[in-house]
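Chemist: First to last, the sequence lines map onto chains A and B. Each residue of the first sequence is one higher than the one before, starting from 1 at the first, in full-length UniProt numbering. Each residue of the second sequence is one higher than the one before, starting from 1 at the first, in full-length UniProt numbering.
Quick list of in silico lysine to any residue cross-link-like pairs, SDA-like style, CA-CA up to 20 Å:
id: 1; chain 1: A; residue 1: K238; chain 2: B; residue 2: G153
id: 2; chain 1: B; residue 1: K134; chain 2: B; residue 2: N150
id: 3; chain 1: B; residue 1: K23; chain 2: B; residue 2: I33
id: 4; chain 1: A; residue 1: K240; chain 2: B; residue 2: P107
id: 5; chain 1: B; residue 1: K23; chain 2: B; residue 2: R235
id: 6; chain 1: A; residue 1: K164; chain 2: A; residue 2: L297
id: 7; chain 1: B; residue 1: K134; chain 2: A; residue 2: L235
id: 8; chain 1: B; residue 1: K70; chain 2: B; residue 2: H28
id: 9; chain 1: A; residue 1: K238; chain 2: B; residue 2: V139
id: 10; chain 1: A; residue 1: K240; chain 2: B; residue 2: S93
id: 11; chain 1: A; residue 1: K240; chain 2: B; residue 2: P121
id: 12; chain 1: B; residue 1: K133; chain 2: A; residue 2: F231
id: 13; chain 1: B; residue 1: K43; chain 2: B; residue 2: V175
id: 14; chain 1: A; residue 1: K240; chain 2: A; residue 2: R256
id: 15; chain 1: B; residue 1: K133; chain 2: A; residue 2: R27
id: 16; chain 1: A; residue 1: K238; chain 2: B; residue 2: A126
id: 17; chain 1: B; residue 1: K129; chain 2: A; residue 2: H233
id: 18; chain 1: B; residue 1: K63; chain 2: B; residue 2: K180
id: 19; chain 1: A; residue 1: K238; chain 2: B; residue 2: T124
id: 20; chain 1: B; residue 1: K23; chain 2: B; residue 2: E79
id: 21; chain 1: B; residue 1: K134; chain 2: A; residue 2: H233
id: 22; chain 1: A; residue 1: K238; chain 2: B; residue 2: P154
id: 23; chain 1: B; residue 1: K63; chain 2: B; residue 2: M83
id: 24; chain 1: B; residue 1: K129; chain 2: A; residue 2: R264
id: 25; chain 1: B; residue 1: K180; chain 2: B; residue 2: R89
id: 26; chain 1: B; residue 1: K63; chain 2: B; residue 2: S39
id: 27; chain 1: B; residue 1: K70; chain 2: B; residue 2: G30
id: 28; chain 1: B; residue 1: K129; chain 2: A; residue 2: T237
id: 29; chain 1: B; residue 1: K70; chain 2: B; residue 2: G55
Calculated directly from the structure, the hints in this document are not laboratory data.
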Amino acid sequence: MSNAAQPTAKPDERIKEISAFRKALIRPELGGIVGTVAVFTFFLLFAFDSGMFNSQGIMNWSVVSAQFMIIAVGACLLMIAGEFDLSVGSMIGFAGMMIAIFSVTYGLPVWLAIIMTFVLCVAIGGLNGWIVIRTGLPSFIVTLAFLFILRGFTIFLPQVIERKTIIGGINDVAEGDWLAPVFGGKILGNVFTWLGDAGLIATFERGTKQGQPVVDGIPMLIVWAIILIIFGHVLLTKTKFGNWIFAAGGDAEAARNSGVPVNRVKILMFMFTAFCATVFAVCQVMEFGSAGADRGLLKEFEAIIAVVIGGALLTGGYGSVLGAALGALIFGVVQQGLFFAGVESSLFRVFLGVILLGAVILNTYIRRIITGER
Amino acid sequence: MTEETTFHHGDPKDQDRPIIEMKNIEKHFGRVIALAGVSFDVKPGECHCLLGDNGAGKSTFIKTMSGVHKPTAGEIFFEGKPMHFEDPRDAISAGIATVHQHLAMIPLMSVSRNFFMGNEPERTVAGIKFFDKKHADAVTMEEMRKMGINLRGPDQAVGTLSGGERQTVAIARAVHFGAKILILDEPTSALGVRQTSNVLATIDRVRKQGIGVVFISHNVRHALAVGDRFTVLNRGQTLGTAKRGEITPEELQDLMAGGQELAQLEGSLGGTV
Numbered sequence: 001m002s003n004a005a006q007p008t009a010k011p012d013e014r015i016k017e018i019s020a021f022r023k024a025l026i027r028p029e030l031g032g033i034v035g036t037v038a039v040f041t042f043f044l045l046f047a048f049d050s051g052m053f054n055s056q057g058i059m060n061w062s063v064v065s066a067q068f069m070i071i072a073v074g075a076c077l078l079m080i081a082g083e084f085d086l087s088v089g090s091m092i093g094f095a096g097m098m099i100a101i102f103s104v105t106y107g108l109p110v111w112l113a114i115i116m117t118f119v120l121c122v123a124i125g126g127l128n129g130w131i132v133i134r135t136g137l138p139s140f141i142v143t144l145a146f147l148f149i150l151r152g153f154t155i156f157l158p159q160v161i162e163r164k165t166i167i168g169g170i171n172d173v174a175e176g177d178w179l180a181p182v183f184g185g186k187i188l189g190n191v192f193t194w195l196g197d198a199g200l201i202a203t204f205e206r207g208t209k210q211g212q213p214v215v216d217g218i219p220m221l222i223v224w225a226i227i228l229i230i231f232g233h234v235l236l237t238k239t240k241f242g243n244w245i246f247a248a249g250g251d252a253e254a255a256r257n258s259g260v261p262v263n264r265v266k267i268l269m270f271m272f273t274a275f276c277a278t279v280f281a282v283c284q285v286m287e288f289g290s291a292g293a294d295r296g297l298l299k300e301f302e303a304i305i306a307v308v309i310g311g312a313l314l315t316g317g318y319g320s321v322l323g324a325a326l327g328a329l330i331f332g333v334v335q336q337g338l339f340f341a342g343v344e345s346s347l348f349r350v351f352l353g354v355i356l357l358g359a360v361i362l363n364t365y366i367r368r369i370i371t372g373e374r
Numbered sequence: 001m002t003e004e005t006t007f008h009h010g011d012p013k014d015q016d017r018p019i020i021e022m023k024n025i026e027k028h029f030g031r032v033i034a035l036a037g038v039s040f041d042v043k044p045g046e047c048h049c050l051l052g053d054n055g056a057g058k059s060t061f062i063k064t065m066s067g068v069h070k071p072t073a074g075e076i077f078f079e080g081k082p083m084h085f086e087d088p089r090d091a092i093s094a095g096i097a098t099v100h101q102h103l104a105m106i107p108l109m110s111v112s113r114n115f116f117m118g119n120e121p122e123r124t125v126a127g128i129k130f131f132d133k134k135h136a137d138a139v140t141m142e143e144m145r146k147m148g149i150n151l152r153g154p155d156q157a158v159g160t161l162s163g164g165e166r167q168t169v170a171i172a173r174a175v176h177f178g179a180k181i182l183i184l185d186e187p188t189s190a191l192g193v194r195q196t197s198n199v200l201a202t203i204d205r206v207r208k209q210g211i212g213v214v215f216i217s218h219n220v221r222h223a224l225a226v227g228d229r230f231t232v233l234n235r236g237q238t239l240g241t242a243k244r245g246e247i248t249p250e251e252l253q254d255l256m257a258g259g260q261e262l263a264q265l266e267g268s269l270g271g272t273v
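Generate the whole structure from the sequences, applying the supplied hints.
Modeler: Structural data, given as structure tokens:
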């Protein structure tokens, strides 16, 4: 018996060699990459002259994409950890409303209102996770309940306190605040002024802003999106915790057997998703100067669609943050591009459905090759 | 086989002293008496088979050994000292590793990520701790080569491995992380002939490194192929322990099934069970 199997490893003759090119191609982000190329090709061909690719046009779809990216990063990590959060959209509305109530109604400094909102929302995210873990219920149900609970409070609270569903005047109280520009400000204004002076980008031709560039800086929203994508990608692929995220979503029981603190990982991911939703909300409130009870409607599905286009598996354990970011980019470009191309806006949904289906079929195929599923 | 091994140093008494010794273990779940006084021990470098039919209490017993259940009564000695495991992590850190039949590996993850799951090596760059993938990949490839598994690369997903290879990866992982006792829960029951012999060969290789192997099975032939001692459980009790060569497969089979009925069945099936 002891000589039955010597430690010699022979290549299995039943496995075909895979070319290096095909190997490089086969990665979770492939669906997202193909989709991005397809979408950009489409709009470069059909909407190049519409202004979609001048400075304002690029900024327009970049901002929309960045919004999707911020919530997609959170949803992506949570989905890989094996859970859903359907309360993201309601959380966005709720967070925005809490900032308005804290700062405008109660007159707290804006920086304090922002920090309190972050603490509150991340705690609610943690509560979501805690309930899911303790009850063993599907996160789909638990967060669906919070979708309604949070939305209900978002409509109820301002009506009771201010007798209206939109609270404005946040720009006035945010004047001179040190934390507000971190979410609502713009960076690299000088670069854009220089670009405008050099005639490389469009400038205003008359009015009080004559000579200034139309696009006067990169909104912090985009900066946040990039920071969160880099953070999420590094966390997932380059750290111990990232391995735990994959393990928790892949097979929670096997992960527990190997000593992975699955409960902690999942609850932390719920909190991170809530954090991302709050970042989105604060940026939006600072941009609009108001908070409305209907903000963030359907955002949870948009986030999940972006993540799935990006190659993540709905059942967890597999996916990529970069893929999710590409999914969000596709989402944003299509939504704004159809407007530029002069296409009837209702067709956006048709287009989106087609892309979603195509990307998911491609991703399923890629995943089978990688993981040997049959 | 254990007598001539060169892996053990010091006085020969140490070899014979069990790594883990469990005396008169009882476990009650409410009104159900799952274990009614089971005694069991494992010595370094031996493969002790725990046999029993379904419902005999095998799973409850190994869960007690690996810290999942606390015994209702009875004593556990680990390396001569009384031991109380609060949870499975205690048992793991003491050196008791369990390889489950199904719940060992995550198919969607790569072999190297699976191998280091829960024990990730880290490398600090600019004050931030990163998963040391290079090290993990190198160790995984080396360990897999030792076990006779040829990987396309450390990034190959576990889902592409066969059932036997997955068991082997799980065993290699337990050994790499310093297991003194390796509990294998029905490692061969879902495997084909060739994969089974691969896993049995792996068990033999592990035993020679001085690790005590607890091999749970209800397949007498698999047990006899590698076992040094055989303990049979029936209805929550130990029916006795036999050494290799002291017992025939037929006797073992009868003990497991509780005797008569199977004898009759076997007669009608022509001794093929």
